[in-house]
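Line by line, the protein sequences are chains A and B. Residue 79 in our numbering sits at position 79 of the first sequence; the count goes up by one each step and never skips. Residue 12 in our numbering sits at position 12 of the second sequence; the count goes up by one each step and never skips.
Keep in mind that the hints were calculated from the coordinates and are not lab data. Please note that a few of the clues may not be correct.
Because identical chains share one entry, a pair is satisfied inside a single copy or across any pair of copies.
[As the list claims (entries may be wrong)] Mimicking DSS-like on lysine-lysine, the simulated pairs with C-alpha atoms at most 30 Å apart in a straight line are:
id : residue 1 : residue 2
1  : 294       : 360
2  : 357       : 284
3  : 294       : 345
4  : 208       : 294
5  : 354       : 284
Number of protein chains: 2
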Amino acid sequence: MENNYCVIMGGGIGSRFWPFSRENYPKQFLDFFGSGRTLLQMTFDRFIKIIPLENIYVVTNVAYEALVKAQLPELPDQQILLEPTRLNTAPCVAYAAYHIRARDPEANIVVAPTDHLIIKEDVFLNDVKKGLEFVKHHDALVTLGIKPSRPETGYGYIQSSEQTQGEFTKVKTFTEKPNLEMAKVFVQSGEFFWNSGLFLWNVNTILKAFERYMPDITLRFNMGLDKFNTPNERKFINEQYPYCRNISVDYGIMEKADNVYMLCVDFGWADVGTWGSLYDMAEKNENGNVIISKGETMLYESERNVIAIDDPKRLTVIQGIDNCIIAESGNVLLICRMGDEQRIKQFVADAQMKYGKEFK
Amino acid sequence: MENNYCVIMGGGIGSRFWPFSRENYPKQFLDFFGSGRTLLQMTFDRFIKIIPLENIYVVTNVAYEALVKAQLPELPDQQILLEPTRLNTAPCVAYAAYHIRARDPEANIVVAPTDHLIIKEDVFLNDVKKGLEFVKHHDALVTLGIKPSRPETGYGYIQSSEQTQGEFTKVKTFTEKPNLEMAKVFVQSGEFFWNSGLFLWNVNTILKAFERYMPDITLRFNMGLDKFNTPNERKFINEQYPYCRNISVDYGIMEKADNVYMLCVDFGWADVGTWGSLYDMAEKNENGNVIISKGETMLYESERNVIAIDDPKRLTVIQGIDNCIIAESGNVLLICRMGDEQRIKQFVADAQMKYGKEFK
């Protein structure tokens with residue numbers, strides 16, 4: 001238990017949730033479900049039940065330091081690891097691993113994104129404990145795989161093999177988001193599972209994997225070996241982190257490593273990565289509309305929309321609109337087809353090009 | 001010229017333009033076209049070219065007194081006639097006629113609503129002068145009829161006869177908004193013209209018509225004959241006006257009278273009564289969208305919408321939406337199919353029932 005660590009990755013911008021998720025206030029800091037707790041807080045609340053507080057880390061961008069402190073006041077400052085640059089997950093995972101190994105060379109780590117919803121918390125916690133126990137005794141990189149319920153094209157997939165170690169199955173391949181046809185084949189085959197983005201490993205296993213598959217990262221971080229978990233770490237990271245390769249741990253490590261295992265889990269998981277995934281999991285009214293507005297809403301002949309209006313004093317009247325995202329937050333109103341939500345990133349980029357950072 | 005008067009009717013709520021037109025700030029007080037002048041001001045600006053300032057009246061609801069004074073500071077206070085109750089046009093027309101006759105028993109009056117756009121102003125002014133000259137010499141109620149360019153179902157129609165007096169044609173019937181089939185027949189026949197809502201008459205002709213077709217109004221206003229155009233008028237109107245019948249001058253007088261003449265006009269007229277009519281007349285971008293937003297707007301794969309966003313600091317991003325009204329003003333956002341805009345009145349009523357006057 002005291003060797004178990006949790007790393008919550010909370011540095012993303014979540015631009016697919018624009019305009020709710022904004023560069024200066026990304027989705028992990030929002031209370032999407034009106035539960036009173038933000039995505040970051042919900043993630044923390046889950047892990048604090050099985051990981052000692054002093055072993056919980058949040059890695060985030062330096063811009064969000066104040067937000068993390070405000071939302072998790074119980075978390076000691078030195079457990080917030082600050083990225084000076086916005087990079088993908090590989091450097092983030094490496095940084096956390098170097099920091100934790102300097103504290104505890106026997107550490108077993110669960111790495112978790114903040115953008116998912118977990119319904120069956122007891123099942124989830126039990127699976128995480130199982131995973132931490134497994135990586136303590138096996139030189140394995142573990143991922144939690146979700147049995148797919150539909151041919152979702154928005155998720156990555158994990159292909160399992162027949163080789164097992166108890167409940168853990170050796171992974172054959174990681175696959176990026178497939179097209180619909182391929183997704184259907186995946187689901188039918190029974191071999192493929194959704195990649196939850198939750199990983200578990202012993203600190204030495206993951207650092208060995210970096211040495212092998214991303215030696216550039218290892219070389220760079222080894223330059224500061226004596227600085228991790230000391231007052232000099234921050235300066236070292238600020239100087240060296242920006243030079244790390246901007247790729248995901250999935251792509252940089254998991255797809256290449258030969259010691260990846262999957263635990264097939266069923267804890268009511270859903271990705272909160274996009275408006276569409278939010279739509280899928282949220283409560284719907286009798287016409288299939290998801291209304292997460294703080295103000296008043298009146299709907300006429302409108303079906304299967306997500307309506308997210310942030311202004312509590314606003315009345316929104318919608319008539320004759322189907323399958324749309326209608327989202328207003330701050331100084332931005334977005335109306336967009338549900339199926340085309342992957343273009344939101346483009347809208348944000350276009351807005352920045354035209355108007356600068358004002359609406360980002 | 002000095003016997004010529006103009007009565008601008010500016011007391012409506014314009015709820016078909018909700019949420020731009022609000023009960024406390026109706027459409028006639030809005031600068032719809034971004035021209036720098038409101039509909040009321042544009043109407044005033046037209047008439048001041050041919051009617052002496054001291055002969056121009058605005059009839060409005062008492063609630064809008066301050067707005068009229070603010071928007072037409074040159075108009076003397078005693079030329080603002082205040083209705084204590086919101087009623088249709090018949091009592092309004094009668095009130096103005098009684099007031100003006102007390103000042104000038106020879107007055108020729110042009111009555112004009114504020115909710116239209118007139119493109120060829122010189123033609124318009126010439127037609128008004130012609131009409132005022134005609135009613136000076138003929139015991140006739142005159143209406144300006146527009147040659148229809150399409151089978152519009154949102155307008156009233158005037159049926160002309162073969163009987164003429166110079167350029168003026170005797171009117172056979174007034175017809176309420178027809179259905180599409182009937183409108184097509186109307187247009188094809190060549191006999192039918194759009195009712196512009198612009199009327200001209202000598203004050204004695206219209207008051208004789210009231211005596212004959214709405215004697216209840218005549219009886220009531222005759223009780224205060226000695227009060228019109230005196231300091232006692234206001235008190236009398238406040239007491240008696242609310243008891244007047246709530247019907248239009250079209251229905252109460254024009255449809256029934258046998259001395260109604262039409263001048264067929266072609267001064268580039270368009271009704272600004274609804275979002276759809278605004279769409280028809282406003283400038284469109286290459287995809288047929290009308291954008292009258294004060295803030296920034298970005299459109300993707302969206303055609304034939306009216307987008308009216310009142311907040312100058314707002315960015316609006318719209319993707320994959322066609323034929324819709326997207327209007328935001330004050331605390332209300334409305335998204336509605338263009339063809340279903342006649343339902344906006346219902347939305348306003350529903351909102352009032354649910355939330356009180358907050359969003360009206």
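Evaluation of the provided hints:
1. 294 x 360: Classified as both; 22 Å inside a copy, 19 Å across copies.
2. 357 x 284: between (34 Å within a copy, 28 Å between copies)
3. 294 x 345: Classified as both; 24 Å inside a copy, 24 Å across copies.
4. 208 x 294: Intra 48 Å, inter 58 Å, cutoff 30 Å: neither.
5. 354 x 284: between (36 Å within a copy, 21 Å between copies)
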